[in-house]
Amino acid sequence: MSDEVITPAEPPITPFVQAYHHLRDLIIAGHFEPNFRLTEADLTKLLDVSRGTVRSVTAKLAQEGYLTSEPHRGVRTRDFSIEEAISILEAREVLESALAAKAAVSATDAELEDLTDICEKMAVADRDKAASDYSQLNRQFHRQVRKSAQQPTLDSFVDALHYPLVMRQYRDLTTVHPRQSSLSEHRTILYSLKTRNADAASAAMRHHVAAARRALLINVDEKNSSSGTGSNTG
Numbered sequence: 001m002s003d004e005v006i007t008p009a010e011p012p013i014t015p016f017v018q019a020y021h022h023l024r025d026l027i028i029a030g031h032f033e034p035n036f037r038l039t040e041a042d043l044t045k046l047l048d049v050s051r052g053t054v055r056s057v058t059a060k061l062a063q064e065g066y067l068t069s070e071p072h073r074g075v076r077t078r079d080f081s082i083e084e085a086i087s088i089l090e091a092r093e094v095l096e097s098a099l100a101a102k103a104a105v106s107a108t109d110a111e112l113e114d115l116t117d118i119c120e121k122m123a124v125a126d127r128d129k130a131a132s133d134y135s136q137l138n139r140q141f142h143r144q145v146r147k148s149a150q151q152p153t154l155d156s157f158v159d160a161l162h163y164p165l166v167m168r169q170y171r172d173l174t175t176v177h178p179r180q181s182s183l184s185e186h187r188t189i190l191y192s193l194k195t196r197n198a199d200a201a202s203a204a205m206r207h208h209v210a211a212a213r214r215a216l217l218i219n220v221d222e223k224n225s226s227s228g229t230g231s232n233t234g
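Numbering (full-length UniProt numbering), first residue to last: 1 to 234.
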């Protein structure tokens with residue numbers, strides 16, 4: 001009797017799965033403007049699939065909150081009100097601070113080294129005023145903290161907030177990027193993780209995410225003041 005272990009074959013990637021990931025990636029990357037109408041005809045060409053597959057894909061993405069679907073309006077990309085945006089950022093504060101506390105306990109030495117490396121690259125990007133590189137490294141830093149927490153349920157809640165969509169929608173409202181204090185905030189988070197101080201890591205992450213929310217609020221108020229519309233954001 002052979003002791004050879006038979007590895008099950010990977011399931012085939014169906015047109016639905018391929019189209020789903022393609023369209024979701026386009027949405028996350030900001031390929032479409034907020035409240036942009038996606039027609040079946042355009043999507044069948046873009047995704048190279050049948051109309052039936054398009055309907056299945058858009059139904060799943062609408063269920064997950066990436067799209068909206070209404071009678072007589074069709075399928076559209078999400079358009080977040082400022083109240084929704086603030087609510088999402090407040091929820092992110094709670095979730096990511098909890099994940100940071102968990103990461104302070106659970107992160108491996110190798111993961112902490114990865115975070116250190118990311119932080120050093122962020123410093124270079126900040127010095128060189130490479131905003132795009134800094135943004136990408138910032139996302140890597142947060143993803144690594146979440147991964148190091150080893151809390152998949154909490155992590156899935158963060159994904160469900162669609163934070164990247166919110167920030168891309170309000171990208172024209174942002175101040176000079178990155179914020180002046182952003183790098184020091186990340187260094188404080190990293191130090192708390194390295195010293196295995198869960199309370200400090202939670203507080204540092206909450207302060208960091210709250211600062212982004214406050215910056216968005218300030219810019220909304222400034223934009224509304226300059227246009228003479230006033231603000232009712234609180």
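Check the hints yourself; a few may be wrong.
[Stated by the list, open to error] Label-pair distances were calculated between CB atoms; the ranges are:
id: 1; residue 1: 34; residue 2: 56; range: 20 to 26 Å
id: 2; residue 1: 133; residue 2: 90; range: 24 to 30 Å
id: 3; residue 1: 143; residue 2: 65; range: 18 to 24 Å
id: 4; residue 1: 62; residue 2: 109; range: 41 to 47 Å
id: 5; residue 1: 21; residue 2: 197; range: 26 to 32 Å
id: 6; residue 1: 44; residue 2: 160; range: 25 to 31 Å
id: 7; residue 1: 71; residue 2: 117; range: 49 to 55 Å
If you are wondering where the hints come from, they were derived from the structure by calculation, not from laboratory data. Just so it is clear, the structure is predicted and the values come from calculations on it, not from any experiment. Even for Gly, the Cβ is constructed at its ideal location relative to N, Cα and C.
Here is how each hint holds up against the structure:
no. : hint                  : verdict
1   : 34 to 56: 20 to 26 Å  : 24 Å, holds
2   : 133 to 90: 24 to 30 Å : 28 Å, holds
3   : 143 to 65: 18 to 24 Å : 19 Å, holds
4   : 62 to 109: 41 to 47 Å : 42 Å, holds
5   : 21 to 197: 26 to 32 Å : 38 Å, violated
6   : 44 to 160: 25 to 31 Å : 28 Å, holds
7   : 71 to 117: 49 to 55 Å : 51 Å, holds
Hint compliance for this structure: hint 5 alone is broken.
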